[in-house]
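Novice: Starting from the known structure of chain Z, fit chain L onto it as the hints suggest.
First to last, the protein sequences are chains Z and L.
Each residue of the first sequence is one higher than the one before, starting from 1 at the first, in our numbering.
Each residue of the second sequence is one higher than the one before, starting from 1001 at the first, in our numbering.
FYI, nobody ran anything at the bench for these hints, they're computed from the structure.
One thing to keep in mind: the hints can contain errors.
As the list claims (entries may be wrong) - In silico contact screen, one side only, chain L against chain Z (beta carbon under 7 Å); selected entries:
# : residue
1 : H1047
2 : A1110
3 : Y1268
4 : K1269
5 : H1272
6 : L1274
7 : G1305
8 : L1309
In this text the structure is predicted, and so the values were computed from the model without any measurement.
Each residue gets a CB set at the ideal place from its N, CA and C atoms; glycine is no exception.
There are 2 protein chains.
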Amino acid sequence: MNNNLKFKDVLLAKKVIYKHIKPTPLRHYAELSDYLGFNGYIKHENHLPTNSFKIRGGINLLTHLSKKNIKGVITASRGNHGQSLAYSSMLEGINCKIVVPYGNNPEKNAAIKSFNAELIEYGNDFDEARTYSEKLVTNNFLYVHPCNEPKLIAGVATQTLEILDDLPEVDTILLPLGGGTEVAGAIIVVKQLNPKIKIIGVQAELAPAYYLSWKNNSIIHTKSADTIADGLATKMPYELPSSIIMENINEIITVTEDEIKQSIIKLYKTTHNLAEGAGAVSLAAGNKIKHKLKDKNVVMILSGGNLDLETFKSILNTNKNIF
Amino acid sequence: MNNNLKFKDVLLAKKVIYKHIKPTPLRHYAELSDYLGFNGYIKHENHLPTNSFKIRGGINLLTHLSKKNIKGVITASRGNHGQSLAYSSMLEGINCKIVVPYGNNPEKNAAIKSFNAELIEYGNDFDEARTYSEKLVTNNFLYVHPCNEPKLIAGVATQTLEILDDLPEVDTILLPLGGGTEVAGAIIVVKQLNPKIKIIGVQAELAPAYYLSWKNNSIIHTKSADTIADGLATKMPYELPSSIIMENINEIITVTEDEIKQSIIKLYKTTHNLAEGAGAVSLAAGNKIKHKLKDKNVVMILSGGNLDLETFKSILNTNKNIF
Chain Z
1 MNNNLKFKDV LLAKKVIYKH IKPTPLRHYA ELSDYLGFNG YIKHENHLPT
51 NSFKIRGGIN LLTHLSKKNI KGVITASRGN HGQSLAYSSM LEGINCKIVV
101 PYGNNPEKNA AIKSFNAELI EYGNDFDEAR TYSEKLVTNN FLYVHPCNEP
151 KLIAGVATQT LEILDDLPEV DTILLPLGGG TEVAGAIIVV KQLNPKIKII
201 GVQAELAPAY YLSWKNNSII HTKSADTIAD GLATKMPYEL PSSIIMENIN
251 EIITVTEDEI KQSIIKLYKT THNLAEGAGA VSLAAGNKIK HKLKDKNVVM
301 ILSGGNLDLE TFKSILNTNK NIF
Chain L
1001 MNNNLKFKDV LLAKKVIYKH IKPTPLRHYA ELSDYLGFNG YIKHENHLPT
1051 NSFKIRGGIN LLTHLSKKNI KGVITASRGN HGQSLAYSSM LEGINCKIVV
1101 PYGNNPEKNA AIKSFNAELI EYGNDFDEAR TYSEKLVTNN FLYVHPCNEP
1151 KLIAGVATQT LEILDDLPEV DTILLPLGGG TEVAGAIIVV KQLNPKIKII
1201 GVQAELAPAY YLSWKNNSII HTKSADTIAD GLATKMPYEL PSSIIMENIN
1251 EIITVTEDEI KQSIIKLYKT THNLAEGAGA VSLAAGNKIK HKLKDKNVVM
1301 ILSGGNLDLE TFKSILNTNK NIF
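Okay, chain Z solo, but in the shape it has when bound (with noise of 0.2 Å):
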């Protein structure tokens, strides 16, 4: 396990993040569960502030830092990381400047921009993105690495204390895996709490940088990252979550855009909560590896919400074959 990062940073973090958030619903759903063939958990991380998991690391960052000589906050996002350090700014009132890709989603674009942060569009991709917002550094800004930050992922760790809290007799959690602070957080807490727990992480056959890096042993960089599914829209795995996720995760799970979309569509019918890509994958995976669960307690992260419409409307007026 990785030296920056312990248990008991995840303890500290459990300190601080309760003051803005609770803890989100862990929910059961029969009719999905029947279906699936195993008892099927929803943890609804589209319930917290911005819609999304992310808030809890960017509460934990900013509840931390010294403000004595920081003017304010950079980073570079696909929309939900950045909505977390623009809220958590917002509420230690520092500034925040975001910096997007071209053609981010317009509706995490528009949140950013309402929680005061100066939005700043650059590059065809996240990591283009990333390599700007490095540029844009002055004296008085931080930059916040959106995966290398330890204090993000012990913040975003609590959600598993809380999985933990609800169904301590979970077998298996489902999580996203983008650019791996989620998955690493789970890592932390279950290796301290119940190594039996099974953690899969889940990307989209698309960006499969993780993926691929995990089946080879070696970090490998993908040539793009175009999936539906923008928050898990990598060409990498970073160094902090790599160093926890390569040798201590279960499995490593690809799905294809049509699971995805698909997936969106079945959390919409069956729980009535709006799914984003990445907050469907969890689902798609269990769909797909259902035979292997059959009767676990599984858990499937909705890490978030901000689906944009248009790319809603898109997906039910293309897609028909819902599983």
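Specialist: Same frame as chain Z, but now just chain L:
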């Protein structure tokens, strides 16, 4: 105020419901507020189990019920009240029969069945289903009137206690007005705790029984109640909520089908929450009277999120002018 229902009953409900549910978020939305010209807060009743405020009443009723001579409960519903009783019966381990009209929201029907209730389809609308449900009552099944039941109203009223806890400076609360339990509950609470808070009920123009009765100061039944807001599709005011609402409500507003549809879309884009028709009328009304609400603290109740997919799809494909 009605003698069968006092503020004390709301406090008794408060004592029991939080064993099974958590307070719902009251969230400020800057983007929406900028558009509307007032401080707009959404009360997320869609985050409750069953995705609707009704569960507050169901849990309160069944918790307080002596189950000694009762095998189960029976009621009629368009879906959310039925889900509430089915879910609460499941928690209490008793049987439950729900009568819904023909052609009811299929996803609400599926949810009712997923909570182990018996679903019975009868009648062309809510009031026909309700009349039929009363005939089905047998010795050991308790009939629960969907609206004239003090324990339901007292349970639902906890919603307003939470609002006053989170935002004591609230000026106006906009609530959907269908059967009347939600509005009656809000009135009981503000009358006791802060009578300066304005309570505004919102009806669909196509189901205006309370509106017409209030305007004309006599109970008026309508011939039909055919609105997309299925939760508001009632043809008459009911005795108990009516006795509280008619003499105490500050205003009743009606909104058109187009205003409801556009509000569903606006809520999607600015909050990424799914609102069913009844859940969106508060925003529709807020938009309609925004000139009167300028700079005020306004809470809009998102009462439920069980909008079936086909209805949402047709809204998306037919509505282009977003307010």
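Novice: Taking the hints in turn, state whether each one holds.
Specialist: Here's how the hints hold up against the structure:
Interface restraint check for L:H1047: the shortest CB-CB distance to chain Z comes to about 5 Å, inside 7 Å, so the restraint holds. Nearest Cβ of chain Z to the Cβ of L:A1110: about 6 Å, under the 7 Å cut. The hint holds. With a cut of 7 Å, the hint placing L:Y1268 at the interface with chain Z holds, because the nearest CB-to-CB distance is about 6 Å. Taken as an interface hint, L:K1269 checks out: its beta carbon lies about 5 Å from the nearest beta carbon of chain Z, inside 7 Å.
Interface hint status for L:H1272: upheld, as the beta-carbon distance to the closest one in chain Z is roughly 5 Å, under 7 Å. Given hint, L:L1274 at the interface with chain Z, holds; its Cβ is 5 Å from that chain's nearest Cβ, closer than 7 Å. At about 5 Å, the closest approach between the beta carbon of L:G1305 and any beta carbon in chain Z falls short of 7 Å, and the interface hint on this residue holds. Interface hint status for L:L1309: upheld, as the beta-carbon distance to the closest one in chain Z is roughly 5 Å, under 7 Å.
Of the numbered hints listed earlier, not one is contradicted by the structure.
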